[in-house]
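In order, the protein sequence lines correspond to chains A and Z. At the far end of the first sequence sits residue 766, using the working numbering, and the numbering has no gaps. At the far end of the second sequence sits residue 766, using the working numbering, and the numbering has no gaps.
Just so you know, not all the hints are guaranteed correct.
As the list claims (entries may be wrong) - Covered stretches of chain A, as calculated for chain Z (at least 3 residues, CB under 8 Å):
| id | region |
| --- | --- |
| 1 | 140 to 150 |
| 2 | 345 to 358 |
| 3 | 387 to 401 |
As the list claims (entries may be wrong) - Listed below are the simulated DSS-like cross-link pairs for lysine-lysine, each with C-alpha atoms no more than 30 Å apart in a straight line:
| id | chain 1 | residue 1 | chain 2 | residue 2 |
| --- | --- | --- | --- | --- |
| 4 | Z | K366 | A | K309 |
| 5 | Z | K371 | A | K371 |
| 6 | Z | K86 | A | K169 |
| 7 | A | K350 | A | K454 |
| 8 | Z | K86 | A | K371 |
These are calculated hints, taken from the structure and not from any lab test. Beta carbons are placed, not taken as given, at the ideal position from N, Cα and C, and that holds for glycine.
There are 2 protein chains.
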Amino acid sequence: ARAFSVPLQRPADCGAHRYFDSSRLACAPCGAHQRQSAGGSSCVCEPGYRMVFSNGGFSVTCEKCPENMSGVTQDGWNCISCPKGLTSEGNCKCPNNEILVERSMDGILLNEALCIRCNGSEQSFSASDASGSRCVRCEKTFIQVSKSCDCNTPNILTGGLCFLAHEGLPPKGIASVRFAQLGITLTSAWFLKNLQSSAFACWLHSNLTACQALGNMCVMNMNSLSSSSTDACGLFQYIFVSTARVGIVHSIPYWRHNLPWLYYGDQPGLASQVLEKNHFPTTFTFKGTDKDVKLQFIAASFDAAGNFLKWQSLEGGILQLCPDTQTKLNAAYDFGTTYQQSCKISVSKILLDFANPVFYDLFLEYNGGNGQQDLWAVPVLNLNLQYNEKFVNQGSNMNNWLLTRRFFLVDALSGKENDLRQPPRVIRIASKITISIRLVSRTQRGTIYPPLVTVAYTDVLIQNPETQTVMVSFTVSYEMNQSEAQIQTDIALGVLGGLAVLWSLLKTAGWKRRTGSSIIDLQTFFKFLLFYAGDLANVFFIITVGTGIYWLVFFKAQQFVSVLLPLPSQEEDFVTYVACAFSLKTLQFLHLLVSQLTVDIFFIDWERPKGKVLKAVEGEGVVKSTVAPVSIWRTYFIANEWNEIQTVRKINPLFQVLAVLFFLEVLGFSNLALMDASSSLTRSSESYVAPWSRILRFGVSAALWVAIAILQVIFFAVIYERFVEDKISQFVDLCCVSNVSISL
Amino acid sequence: ARAFSVPLQRPADCGAHRYFDSSRLACAPCGAHQRQSAGGSSCVCEPGYRMVFSNGGFSVTCEKCPENMSGVTQDGWNCISCPKGLTSEGNCKCPNNEILVERSMDGILLNEALCIRCNGSEQSFSASDASGSRCVRCEKTFIQVSKSCDCNTPNILTGGLCFLAHEGLPPKGIASVRFAQLGITLTSAWFLKNLQSSAFACWLHSNLTACQALGNMCVMNMNSLSSSSTDACGLFQYIFVSTARVGIVHSIPYWRHNLPWLYYGDQPGLASQVLEKNHFPTTFTFKGTDKDVKLQFIAASFDAAGNFLKWQSLEGGILQLCPDTQTKLNAAYDFGTTYQQSCKISVSKILLDFANPVFYDLFLEYNGGNGQQDLWAVPVLNLNLQYNEKFVNQGSNMNNWLLTRRFFLVDALSGKENDLRQPPRVIRIASKITISIRLVSRTQRGTIYPPLVTVAYTDVLIQNPETQTVMVSFTVSYEMNQSEAQIQTDIALGVLGGLAVLWSLLKTAGWKRRTGSSIIDLQTFFKFLLFYAGDLANVFFIITVGTGIYWLVFFKAQQFVSVLLPLPSQEEDFVTYVACAFSLKTLQFLHLLVSQLTVDIFFIDWERPKGKVLKAVEGEGVVKSTVAPVSIWRTYFIANEWNEIQTVRKINPLFQVLAVLFFLEVLGFSNLALMDASSSLTRSSESYVAPWSRILRFGVSAALWVAIAILQVIFFAVIYERFVEDKISQFVDLCCVSNVSISL
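Make the full structure from the sequences, and use the hints.
This is the structure we're talking about:
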């Protein structure tokens, strides 16, 4: 072996008679009569042998126990005789309801182990504890119901609790969980153990933890209600309906005393009342103190057994399954920042991090006045919910929705079929969580409707956790009813389009006058259409740039939120306008090109000949005098100059492109097009980068392009053409000097 | 209150006589004689009262205990008389070494509680357990040393263990930890409890766990050795030196049996031997199977008490404190990908996630042949290590380094001063971890030197965990000795520079011949320098573009790794060359501009006058005949055309810029400049994006620019000038037609 190189040995490779030496990181043999301990890092004596010496498990000496005391004590150091037999480990064993006693009360080691039955009679009420080593007071429901430590008929024993048989008890529940996406209905070990006992304890004793546990089992079954079955939600509804007399909590009609609040009632049309009747009491701003700028979500969290864990703020990525830095995770709750995050997570990591499900009741915290913090209950739209076997929440018609309150992130508990210590067969993951905030129309002060959380679950059949992955996403979206802005845009389009018609008519009339004919024929009509195409393109361009600048200024600069950006689905019209502007402008450009190419130009040289020329005529020998010709080179010169000014432009295209790119990318104007609340040009590398808005991108780019073009025009018109050179003026001067005129 | 709005109440706000009702999420009053339980979610009876009825803690009925039985049993359901007094909770209390017995062995409730002393004599050896409720076998070291359950002098009792007094025992250790960055030395509660007992158990009994715990305490003190003190590392060295007879592990001289391997010896100059004498046995490639392409780091992990936890692969971000998706975290171990990650983490999150430190011994796994996986021990360079009070690892001189083996990520344990249940006063975080891989010079097959892990720790004084943050970073860097490439570049530079001198001399000679003078004066010398500037700029450009393309092709396209990119610190010369090329080219350009501006041009019109002109002379009344003048407009025309071809270019600059930007950004050629092993043009949005390499950026951009320019030149020369128009040929034709010639 080379220097500093060691073979790789794992504790599992050592086998039964070797242990893993943690100092050498290699396997080492155990001594005589020993075998590997449970952790693999030390040795223990084989059954029937007691420890004589041990220095932490590394040099262990074992001694065989004699025949008459063949058992070994629980701590492994002494031999003892076991009257009721030995376990496979070599220790004494006792029957189920008897405890194993190896030492007397004051610690004296006995020679023979005793199996003692605990006294369950009045006053003592003792039974064996879970480990079978002490007598402790037995389960209190046993004592309360049957005044003993037994639960015999007609009392009902379920889930380790004893209940008095009653009429009016809730019916027997079905301990099954339905995973509709996979089409699997399995019998859950957790439900088998706890469903009936939770229902009874909640009904009979109003035991708050049991009621929460029952509610959680209903939530694990996707809150699916069905009038025919008595599954977890059926039992919950039974108790809910039958306990109307205990009253409601905080004047909310769906929240019964003692029971968790699971449903918002099941009449159709309730959803729009919940979501739109009341406005959220606080207003939000883009630039203010923390309270007005952040959405302070807070959740009451419960474990599966129904215990209240704590009030949990959602900051720190509680609902965000994809790992990321704190700054980026917390950006989701900045008001106005559209947040999107998605990634693939391996199933083995989910099984490791979310072994026990946590159930959340979500609220939005706000300042209720008088220094008291109030909470607004946030409704949940569970897309997997089935009402009488129909997925009522998956459509876009709000009247069919059945809103609920409680949800979880990962359920790896209800999918365990037979044994709670084994891995589950199916798990359910909240793979798509969306929080949607809607701004009230025509608000001036940032009033919103109550937010809505939409959760979509994915059922995953566990086959190979190391390689299976799940795609999860978390979104916070902001929307408002854009129909008003849409109407205004249409009105502007109509008005300007009409003005464009008039303008095009004027241009056509001018063209007809120049061509001389006064008959309105097909050619006139085509000319009008081409002129109109150009003007309509300008109208579309003005509308779209105006829209972009409007959104840019009014969204980014507002303090009290009164407008929100359109969602990508609401931008379709805008994209159509831009496309129309582009195609019509192309048409106008081709028209201009064609007319420029087909124009006829006449050059007239007004120069008078300077005298006569004596020219010898061939053949005749006579000297004639003719007019001195004017050189044609003069006309060539003017024509050449005319040709060259055909492509003169007011601006320099290379500078335009480079300047716009400089402003967009280097100075950071492109950051104004992000769908967040900040109007700063820079984004630190650590902060969250929101997605782009198409309207804002177009607005920023067009505004920059037009602004830089205008600056160039001003520069050329005012400075360059005045002090350096103006090609048109030069040409005019040339024509004057050379006495040549042109006509088209 | 508005609909769906509830006030926020937390369990802590309920006070002593109310409990937190988890179904209403509000505080509710406890019944008579009751107070809030520890969790806050239920009520318990006050001291002196026993429970009569409880349905899970929500409706509790309490009854006062009579005077003669004023104590309450531990389970709270019965009254009992306490002979030795009551605790503050109203339960019975017993002295320290006596157990509290309320029920007899078979569970019968006693009227009077008993305090029983456990029998510690021979054979039984029993003492009270931790909870004071049972007699169990007492600590085995007590039994082994003093054959009883007491540890009296001359035996030494420390850390809950009993040791036989010896000469040759390790000296008394100092239980202090030094935080050098803050200048604090504090006495650690963990060290006070465990330092001496670990040292004794390791020395006397070779207890492997105790030896690991002692090593961990030395690591928590930054492996700092000092000949004068007997702190944790001093004790470790004492044991290391004194146990030379037990032998070494796997032929590694620094790894003693039974002890953890902490140091690589302390002679100077050892570091270069460790890092450079042997090559790592496996080779790596860029495009191969997983084994050759990934660095398979694996760490043996131990907890603070010295127990071996498991073999831990570093994949999944074990050493990366910044959260990120799995794909990006695992990209750190792709061979050839330069990985950099840094972020700010809040101290409260660190205290939550890393309450118990984990210690890692790092190895690099490779295939050792015969199907056996071998491990190469990876040395650690701890920048906070002090050797005799000097920070020997912080310089760049390898001969002073003292390499170590074990490190941790977060130590929140040694900073606890008095009580292990309180938060620590100071914590230490590995804020800067760097893994550097060096390629062996002149390797053809991807051979590397053993990797080196450099760890820098930050000491944080805990004042306000919620607001304090720490900047952490993790880097994987690849380097090789670039001196060979440097030499080759210098040689090329020298050769081409010499050729450039000859070329400039030729140009100067040509210029002198054209000017006509043959004196070599100062002006000639300046002209030579200006010509040389231009040629030298070309030489620099050729060298730098060649270097960029060399690295691009040879680094990205290689299969067996034989070259690595230069580090940013090794690129300084390259940047200098580019700067020289730019400045010299500017000089040449100015020279060209000036010479173009100061040239004298003569136009000669060869046209013969066509006859004589009869011109009336003013005043004299005589008609004279003079030669018919040739029109000057001809010369004007030629001169105008000549002026316009001064700025004709072979390529179109706007197209050049747009085409290069298109290739770089849209097609993704800029991704070739990333410091990773992939030569693909696209990077998926989920994958890790490596940092840029300056040489590759220049190489890719320059290669694209030159390639597109050449394509444009070819296009213009072959197609455009042949079929559309060639301005130079047109000018020549014009001169022919007009019979005008020009001379400079």
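Hint check:
1. For the region 140 to 150 of chain A, the stated coverage by chain Z is satisfied: 7 residues place a CB nearer than 8 Å to a CB of that chain, which reaches the threshold of 3.
2. Given as covered by chain Z, the region 345 to 358 of chain A passes the check, having 5 residues with a CB less than 8 Å from a CB of that chain where 3 are the minimum.
3. Under a criterion of three residues with beta carbons nearer than 8 Å to beta carbons of chain Z, the stated coverage of the region 387 to 401 of chain A is upheld, 8 such residues being counted.
4. Distance hint between K366 of chain Z and K309 of chain A is fulfilled; the C-alpha atoms sit about 25 Å from each other, no more than 30 Å.
5. Between K371 of chain Z and K371 of chain A, the direct Cα distance comes to roughly 20 Å. Compliance with the 30 Å bound is thereby established for this hinted pair.
6. Taken as a hint, the K86 of chain Z and K169 of chain A pair is honoured in the structure, with Cα atoms around 21 Å apart against an allowance of 30 Å.
7. Between K350 of chain A and K454 of chain A, the direct Cα distance comes to roughly 18 Å. Compliance with the 30 Å bound is thereby established for this hinted pair.
8. For the proposed pair K86 of chain Z and K371 of chain A, the alpha carbon gap of about 52 Å is over 30 Å, so the pair is violated.
When each numbered hint is compared with the structure, a violation occurs for hint 8 only.
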